[in-house]
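Using the hints, position chains V, L and R against chain H.
There are 4 protein chains.
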Amino acid sequence: MMGNDFLFQTLSSWSTSSIEEVASTGPGIRFFQLSVYKDRHVVERLVRRVEWAGFKAITLTVDAQRLGRRENDIKNRFTLPPNLTLKNFEGLDLGKMDKVESSGLASYFAGQIDRTLSLKDMKWLQSITSLPILVKGVLTVEDTRIAIQNGAAGIIVSNHGARQLDFVPATIMVLEEVVKAAQGRVPVFLDGGVRRGTDVFKALALGASGVFIGRPVVFSLAAEGEAGVRKVLQMLREEFELTMALSGCRSLSEITRDHIIARWDAPRL
Amino acid sequence: MMGNDFLFQTLSSWSTSSIEEVASTGPGIRFFQLSVYKDRHVVERLVRRVEWAGFKAITLTVDAQRLGRRENDIKNRFTLPPNLTLKNFEGLDLGKMDKVESSGLASYFAGQIDRTLSLKDMKWLQSITSLPILVKGVLTVEDTRIAIQNGAAGIIVSNHGARQLDFVPATIMVLEEVVKAAQGRVPVFLDGGVRRGTDVFKALALGASGVFIGRPVVFSLAAEGEAGVRKVLQMLREEFELTMALSGCRSLSEITRDHIIARWDAPRL
Amino acid sequence: MMGNDFLFQTLSSWSTSSIEEVASTGPGIRFFQLSVYKDRHVVERLVRRVEWAGFKAITLTVDAQRLGRRENDIKNRFTLPPNLTLKNFEGLDLGKMDKVESSGLASYFAGQIDRTLSLKDMKWLQSITSLPILVKGVLTVEDTRIAIQNGAAGIIVSNHGARQLDFVPATIMVLEEVVKAAQGRVPVFLDGGVRRGTDVFKALALGASGVFIGRPVVFSLAAEGEAGVRKVLQMLREEFELTMALSGCRSLSEITRDHIIARWDAPRL
Amino acid sequence: MMGNDFLFQTLSSWSTSSIEEVASTGPGIRFFQLSVYKDRHVVERLVRRVEWAGFKAITLTVDAQRLGRRENDIKNRFTLPPNLTLKNFEGLDLGKMDKVESSGLASYFAGQIDRTLSLKDMKWLQSITSLPILVKGVLTVEDTRIAIQNGAAGIIVSNHGARQLDFVPATIMVLEEVVKAAQGRVPVFLDGGVRRGTDVFKALALGASGVFIGRPVVFSLAAEGEAGVRKVLQMLREEFELTMALSGCRSLSEITRDHIIARWDAPRL
Chain H
1 MMGNDFLFQT
11 LSSWSTSSIE
21 EVASTGPGIR
31 FFQLSVYKDR
41 HVVERLVRRV
51 EWAGFKAITL
61 TVDAQRLGRR
71 ENDIKNRFTL
81 PPNLTLKNFE
91 GLDLGKMDKV
101 ESSGLASYFA
111 GQIDRTLSLK
121 DMKWLQSITS
131 LPILVKGVLT
141 VEDTRIAIQN
151 GAAGIIVSNH
161 GARQLDFVPA
171 TIMVLEEVVK
181 AAQGRVPVFL
191 DGGVRRGTDV
201 FKALALGASG
211 VFIGRPVVFS
221 LAAEGEAGVR
231 KVLQMLREEF
241 ELTMALSGCR
251 SLSEITRDHI
261 IARWDAPRL
Chain V
1 MMGNDFLFQT
11 LSSWSTSSIE
21 EVASTGPGIR
31 FFQLSVYKDR
41 HVVERLVRRV
51 EWAGFKAITL
61 TVDAQRLGRR
71 ENDIKNRFTL
81 PPNLTLKNFE
91 GLDLGKMDKV
101 ESSGLASYFA
111 GQIDRTLSLK
121 DMKWLQSITS
131 LPILVKGVLT
141 VEDTRIAIQN
151 GAAGIIVSNH
161 GARQLDFVPA
171 TIMVLEEVVK
181 AAQGRVPVFL
191 DGGVRRGTDV
201 FKALALGASG
211 VFIGRPVVFS
221 LAAEGEAGVR
231 KVLQMLREEF
241 ELTMALSGCR
251 SLSEITRDHI
261 IARWDAPRL
Chain L
1 MMGNDFLFQT
11 LSSWSTSSIE
21 EVASTGPGIR
31 FFQLSVYKDR
41 HVVERLVRRV
51 EWAGFKAITL
61 TVDAQRLGRR
71 ENDIKNRFTL
81 PPNLTLKNFE
91 GLDLGKMDKV
101 ESSGLASYFA
111 GQIDRTLSLK
121 DMKWLQSITS
131 LPILVKGVLT
141 VEDTRIAIQN
151 GAAGIIVSNH
161 GARQLDFVPA
171 TIMVLEEVVK
181 AAQGRVPVFL
191 DGGVRRGTDV
201 FKALALGASG
211 VFIGRPVVFS
221 LAAEGEAGVR
231 KVLQMLREEF
241 ELTMALSGCR
251 SLSEITRDHI
261 IARWDAPRL
Chain R
1 MMGNDFLFQT
11 LSSWSTSSIE
21 EVASTGPGIR
31 FFQLSVYKDR
41 HVVERLVRRV
51 EWAGFKAITL
61 TVDAQRLGRR
71 ENDIKNRFTL
81 PPNLTLKNFE
91 GLDLGKMDKV
101 ESSGLASYFA
111 GQIDRTLSLK
121 DMKWLQSITS
131 LPILVKGVLT
141 VEDTRIAIQN
151 GAAGIIVSNH
161 GARQLDFVPA
171 TIMVLEEVVK
181 AAQGRVPVFL
191 DGGVRRGTDV
201 FKALALGASG
211 VFIGRPVVFS
221 LAAEGEAGVR
231 KVLQMLREEF
241 ELTMALSGCR
251 SLSEITRDHI
261 IARWDAPRL
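Chains as they are written, first to last, in UniProt numbering: chain H, 1 to 269; chain V, 1 to 269; chain L, 1 to 269; chain R, 1 to 269.
Chain H with its partners taken away, still in its complex shape (with noise of 0.2 Å):
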């Protein structure tokens, strides 16, 4: 993520526009997160919608074939506010989060996501489609090196945002075991903890092909819209951009390990 030429999105299942309206905003690299329903169908219907749109790759969630024990969801009792609507699942009448006693997103996933996601199912998908279909969800090598040898066209670290589990490895902890353990077969991302450019230039250092990010997206566009947006990146682009520069790299191949110190190093001496 550097120039406008370095952006792509990641687009949720359930996000509150539709597949088709993001892709209709204009041309852009996108990748669709795909959350794995009980009913195939479905699953096989926003396959098709993504490959209709152009989108460039599946992003295959695995770390949340079950919902988190999010506590703040349960006891705020979270749901979709009633203006917003899953808009990809409106025709099949799953577009909506009940308000229950505790958290509404839990319910809708109990009762929708299917908690059996295995392997075969990323065989079915495969079968379904011929776009690059990446694992967003590895935290280790064991799960690093079984993503690669069933296909995975890329690997994403994250610990979803570290809602899933709690005492799970901040993701840049990790990154470089799996860095190692995809011994360059495909490229790995990171997700989670991504606030500065300094943060983007550690993931590249440790062997990271790129990044995502979330919250700073979602807080920009809560207080300045579009704007906010297109603040926010133009920060990350500019504080990497330094840190490259103060790095003395000229190049994104000339970030090397040895550009960092982690905490696991031994003392050069």
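I should point out that these hints are in silico values taken from the structure, not numbers from a laboratory. Computed from a prediction, not measured in an experiment: that's the story for all the values here. For glycine and all other residues, C-beta sits at the position ideal for the given N, C-alpha and C. Errors might be hidden in some of the hints.
[Said to hold, decoys possible] Below, computed lysine-lysine pairings styled on BS3-like, alpha-carbon distance capped at 27 Å:
1. L:Lys75 <-> H:Lys231
2. L:Lys99 <-> H:Lys231
3. R:Lys96 <-> R:Lys75
4. R:Lys99 <-> L:Lys231
5. R:Lys231 <-> V:Lys99
6. H:Lys180 <-> H:Lys56
7. V:Lys87 <-> V:Lys75
8. H:Lys87 <-> H:Lys99
9. V:Lys75 <-> R:Lys231
10. V:Lys231 <-> H:Lys99
11. H:Lys96 <-> H:Lys75
12. L:Lys87 <-> L:Lys75
13. V:Lys231 <-> H:Lys75
14. L:Lys231 <-> R:Lys75
15. R:Lys75 <-> R:Lys87
16. H:Lys123 <-> H:Lys38
[Stated by the list, open to error] Covered by chain H, according to a simulated footprint, are these stretches of chain L (three or more residues, beta-carbon under 8 Å):
17. 59 to 69
18. 166 to 173
[Said to hold, decoys possible] Partial pick of chain V residues on the chain R-facing surface, computed with a CB cut under 7 Å:
19. Arg66
20. Gln164
21. Leu165
22. Phe167
23. Glu177
24. Trp264
For chains V, L and R alone, kept in the frame of chain H given last:
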């Protein structure tokens, strides 16, 4: 401790309900946590009652032959409130704690408990009962080996809620060394600090066969009575099961050491 | 920096007193900290004035070819107060910083300083002066080697007061690696974080030939003028000498690596 | 320091009761902590009085040939209150500290104490007395070896209450390295930071032959006089004995290195 099938109780010698009252509440697997009184007739009588009441094992407390210096108890002049007695000792006129200038518990303890407790008492205990005897209060390789060599049917890694000796390690920090020392010959349990399902998962990943909880039960009992205890057990069960699911474990046997990262683990690079 | 004989000064290009004014205050060893302007005539003229004024060395700043993102300066719209100018550039009409919407320093910097600074500029500098050139802003083995191979007369381990790039290491943490890389071929100095005589001692024990201080001088100047600066220098001198005495060092050469313990040292067992 | 049989005292040269007054209070094992005055006649006279008063050893302070920069003393213009004098020096007209602009102690120290203290003074001291001489203020392997090679009868690991030099290690952190360097040739003691019986246990487990305490005695004396000191000694004795019992140690010789875990210990796996 998962489903109710996996739930068992260990009852303190100093419970304010008697062995027989507890047994009469219905079926269940019960252990008895034995305090060794100076008067061995008292101990033998306890053991007989435990056997008759259908308890499945004795846990012999080996970290409290002396009571730790509990400064809050001293400052607060802790003693049992008048409406409570040590029910198991009522007939022996040992059921009450006096109100003294310092800790009533410390005073009672110094008067009744045998501070010379040693391996010969374990031998004696084995000679008077055929119940399996677990050793509770182990924190080291050395004590694990001694306990097993002397016939322990199991090990409970415990620091007595950290109330006995300042600076003892947290049980989760020494669990792995005890498990390795046990070499699979007897089960190793853990108590101390278990508050969430993730804690249960960590203990099992480090090799524990199960965990004991104290304060969550006591606090929920105080707050909401039986319903509170049910709630806390339910919470632990659900969180543990969710942790398994999100860690990709379909059964207890699939929980391995590689599912967690301990502070002392080398970087996986 | 011990007795006055050991005291020397490095003057910023952007001082608010001119090279000549500083030189006229009396004898003393002075270095000049050179900022490389886009217009090399400006640079060459500075170098000539520095030579004529009897300065002993040039320190070439290599960590500020771009100005760090100093958010306080941006927020406060930092610029020089009207009564101060960059005296060395008055005749060149480059002495003033404009008042702008963000940081006046950043604006001036972006306009005047050459962001393409590289080794060829060091070569050029060597071609126009015979003054020794120290390289300031080194934090790694790699840059140390490059600097020495290209004729640096000394190394200054500096992170520019940590104002250039977030997450740079503290200079004291990398000093030893730089000293080892220098292999005794040129002296290594340190700046950053020196506040007490114990800090000077630590730097020397890690192999520094000397240290530079900035804020202690500036703060004491602001608080008590010349007397304040004398006081802070006296304090550092006395504390350093006392540290030597209490560490059993009778001369600078008796200060060794064994007189300190660094975080990365193995236990001495 | 366990029962009274294990209790001994070390008296400061600058005590406000004289050597003879202290000796007259009854039997007891006493050491004398010797400060080396510029005037060696003063020192020799102290040594003679100590011998005559039946003291058992001299502890030679080697970390205070210069007084540390004690900023609180400077700020508070510390001096002895008028009703107190350095009783051991009354006849020599050296018993009073002047009230000065900064620290009265620092002023007295600078005037009287020999900052050139070195091994030749230890040799001289050995030549004038047959009392065993312990070296107090050792923190390293190197100084341990030098002290023993030069006839020290014992080592006291001390950082002078951390009042001499900022950043000295805590004594408990270096005790083990000193004990190993001493190779059992002389006893090693520790002072600094001993506040609880657990601290005594840790020091002994790391190889100390005993510990010295200062502030607990001084504070309890200020709070409750003789009864306070008795109380604090009783507390330490009871806590230490309880720590032994709960660690399974029936005698001092059963306290081993394996009874504690130090920060630098490898995991026991």
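Comparing the hints with the structure gives:
With a C-alpha separation of about 16 Å, the suggested pair Lys75 (chain L) and Lys231 (chain H) falls inside the 27 Å cut-off, and the hint holds. Of the pairs offered as hints, the one joining Lys99 (chain L) and Lys231 (chain H) holds, with about 23 Å between alpha carbons and a cut-off of 27 Å not exceeded. Distance restraint check for Lys96 (chain R) and Lys75 (chain R): the Cα-Cα separation of roughly 20 Å lies within the 27 Å cut-off, and the hinted pair is therefore satisfied. With a CA separation close to 23 Å, the supplied pair Lys99 (chain R) and Lys231 (chain L) stays within the 27 Å bound.
For the hint linking Lys231 (chain R) to Lys99 (chain V), the alpha-carbon distance of about 23 Å falls within 27 Å, and the restraint holds. About 26 Å separates the Cα atoms of Lys180 (chain H) and Lys56 (chain H), which keeps this hinted pair within 27 Å; it holds. Under the criterion of a C-alpha separation no larger than 27 Å, the hint pairing Lys87 (chain V) with Lys75 (chain V) is consistent with the structure, at around 26 Å. For the given pair, Lys87 (chain H) sits about 18 Å from Lys99 (chain H) by alpha-carbon distance, which is consistent with the 27 Å threshold.
Taking the CA atoms of Lys75 (chain V) and Lys231 (chain R), the gap is near 16 Å; set against the 27 Å cutoff, the hint holds. Between Lys231 (chain V) and Lys99 (chain H) the CA atoms are separated by roughly 23 Å; this keeps the pair inside 27 Å, and the hint holds. Among the hinted pairs, Lys96 (chain H) with Lys75 (chain H) is consistent with the structure: their alpha-carbon atoms are about 20 Å apart, no more than 27 Å. A distance of roughly 26 Å separates the Cα atoms of Lys87 (chain L) and Lys75 (chain L); the hinted pair therefore holds under the 27 Å criterion.
Distance check on the hinted pair: Lys231 (chain V) and Lys75 (chain H) sit about 16 Å apart at the alpha-carbon level, within 27 Å; holds. The suggested pairing of Lys231 (chain L) with Lys75 (chain R) holds, with an alpha-carbon distance near 16 Å, which does not exceed 27 Å. With a CA separation close to 26 Å, the supplied pair Lys75 (chain R) and Lys87 (chain R) stays within the 27 Å bound. Taking the CA atoms of Lys123 (chain H) and Lys38 (chain H), the gap is about 16 Å. The hint holds against a cut of 27 Å.
Only residues whose beta carbon comes within less than 8 Å of a beta carbon in chain H count, and the region 59 to 69 of chain L has 5; three or more means the coverage holds. Counting residues of the region 166 to 173 of chain L whose CB falls under 8 Å from any CB of chain H gives 3; the rule of at least 3 is met. Because the beta carbon of Arg66 (chain V) sits about 5 Å from the nearest beta carbon in chain R, less than 7 Å, this interface hint is met. Annotation: interface hint on Gln164 (chain V) holds; nearest CB of chain R at approximately 6 Å, less than 7 Å.
Given hint, Leu165 (chain V) at the interface with chain R, holds; its Cβ is 5 Å from that chain's nearest Cβ, closer than 7 Å. The criterion of a C-beta within 7 Å of any C-beta in chain R is met by Phe167 (chain V), whose closest approach is roughly 5 Å, and the hint holds. The interface hint given for Glu177 (chain V) is met, as the beta carbon of that residue sits about 5 Å from the closest beta carbon of chain R, less than 7 Å. Checking Trp264 (chain V) against chain R: minimum C-beta separation of about 4 Å stays under 7 Å; hint holds.
Of the numbered hints listed earlier, not one is contradicted by the structure.
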